[in-house]
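Residues per chain are reported as follows:
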Amino acid sequence: MAVRVQEADFDLGAELTALRAGQPRVGALASFLGLVRDMNEGAGVSEMTLEHYPGMTEKALESIVAEAKGRWDIYDALVIHRVGRLLPCDQIVLVAVTSAHRGEAFAACEFIMDYLKTRAPFWKREATPAGARWVDARDSDDSAAARWEPNPKE
Amino acid sequence: MSIQVLYFAGLKEALGRSGETVDLPTGISTVGGLREWLVAHGREPLASTRSLRCAVNQEMAGLYAPVADGDEVAFFPPVTGG
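Listed in order, the protein sequences are those of chains U and P. Here the first sequence is numbered in my numbering, starting from 1 and rising by one per residue. Here the second sequence is numbered in my numbering, starting from 1 and rising by one per residue.
A hint or two may mislead.
[Stated by the list, open to error] Capping the alpha-carbon separation at 16 Å, the derived lysine to aspartate or glutamate pairs in EDC-like fashion look like this:
#1 P:Lys12 / P:Glu44
#2 U:Lys59 / P:Glu72
#3 P:Lys12 / U:Glu110
#4 U:Lys69 / U:Asp114
#5 U:Lys69 / U:Glu110
#6 U:Lys59 / P:Glu59
[What the hints assert, rightly or not] Facing chain P, according to a computed beta carbon distance under 7 Å, are these residues of chain U, among others:
#7 Lys59
#8 Leu116
#9 Ala120
Simulated from the structure, these hints should not be mistaken for laboratory data. Note that the Cβ used here is the ideal one computed from N, Cα and C, for glycine as well.
For reference, chain P alone in the conformation it holds in the complex (with noise of 0.2 Å):
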């Protein structure tokens, strides 16, 4: 299944890009499992940011959100607006 990543802030400097469409194998259906399939892939500062944040759809989501083909997945550092 294809999903779209987006990374920003810190993040998106650590890894050195704002975002990629990744390919994910079957049985990995949440956004933890994507989290440690990307960490395994090369993308290790999603382990070591902390209090890591995450959106499905533009929706602030937790780890056990579920992802689905097409879904925009984005990984984020705490925000820190306004």
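The following block holds chain U by itself, in its conformation from the complex (with noise of 0.2 Å):
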């Protein structure tokens, strides 16, 4: 289980390969990459800045990855957040999870991004023609990590 939040790009096949090397029992690997686009609400985006709160960052990250792993049976995840300035285009996100079957790769990667987006404490600003403006919560955001509630195996 590895949390890294880097300024710096990230290989995303070196990330995979890496996450399941030497390890016959994985079966499965899912993994969600998300990337800076051009466009938000209706503004086109030329530049982005993600702040986060150094220390409670990797804390909260740590957290949701561990209770991945309470309620699915996988073996390894991965997550890497870069912060500092981005541009459209590039990779802002990775979240990985090794496992024997898919279902429970599937589920363990898309319960970490959800819970990395109302959880974990990052915030982008982003540079727009209209000026720089940090962008807002959604609501959608808050509904996709309350679908996880309460725990599935209960």
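Put the two chains together into one complex; each comes in its own frame, and the hints tell you how they fit.
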């Protein structure tokens, strides 16, 4: 289980390969890659800056991953989230999960992403033709996270 | 009691500062009490920020969460990562 918050870009293929390297028990690897779009809420976005709360961010992500591990039978998980200045087409976030079968990997990957969206202290600021603006949280993110409560195994 | 207060994102911008150390008078013992005290001391954006969130010692917390000497309390808008 690894969590990384970094300014640098990452090599998607290398990260996924490393996550399952030498582990013949892994039958499924599910991953989600988030990217910077050039459009949000009707305005063009020329660049984005991601701020975070150093210390709490890592703790929050580790706690989300630990909860996923408790809910589903997964082998490993990786979360990489970039901070700082990003441009359209840039990679922002990677969540990857390995397990024996696809169902657990898909579910845990989506769960980690939904909880990250509502519980990890990151904030996006976008540059648009009308000036810079902080991105508003979406109600749809709250409802996506709420789907996972109560614990599906209970 | 001494509290390390941190601000993030739009709230940090509105306040023009990323944090401050405050010496709270006796009788204030919750995050909500701290927030009211800060608002009364010129930190008005803490009252007007929509859906203000907070964390005590880097864990998400509600306004009724207790605060103690030496705690780190952060205030911020709803998160928008991912």
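For each hint, the structure was consulted:
1. Our distance criterion of 16 Å between C-alpha atoms is met by lysine 12 of chain P and glutamate 44 of chain P, whose separation comes to about 12 Å.
2. For the proposed pair lysine 59 of chain U and glutamate 72 of chain P, the alpha carbon gap of about 15 Å is at most 16 Å, so the pair holds.
3. A hinted pair counts as satisfied when its Cα atoms are at most 16 Å apart, and lysine 12 of chain P with glutamate 110 of chain U does not qualify at roughly 31 Å.
4. Distance hint between lysine 69 of chain U and aspartate 114 of chain U is fulfilled; the C-alpha atoms sit about 15 Å from each other, no more than 16 Å.
5. Restraint check: the Cα-Cα separation between lysine 69 of chain U and glutamate 110 of chain U comes to about 13 Å, which is no more than 16 Å; the hinted pair holds.
6. Note on lysine 59 of chain U and glutamate 59 of chain P: the hinted pairing holds, with a Cα-Cα distance of about 8 Å set against a maximum of 16 Å.
7. With 7 Å as the threshold, the beta carbon of lysine 59 of chain U comes within range of chain P, its nearest partner Cβ sitting at about 5 Å, so the hint holds.
8. Taking 7 Å as the C-beta cut-off, the interface hint given for leucine 116 of chain U holds, the closest approach to chain P being about 5 Å.
9. Hint status for alanine 120 of chain U relative to chain P: holds, with the closest Cβ pair at about 5 Å, below 7 Å.
In terms of the numbered hints stated before, the structure departs from hint 3 and from no other.
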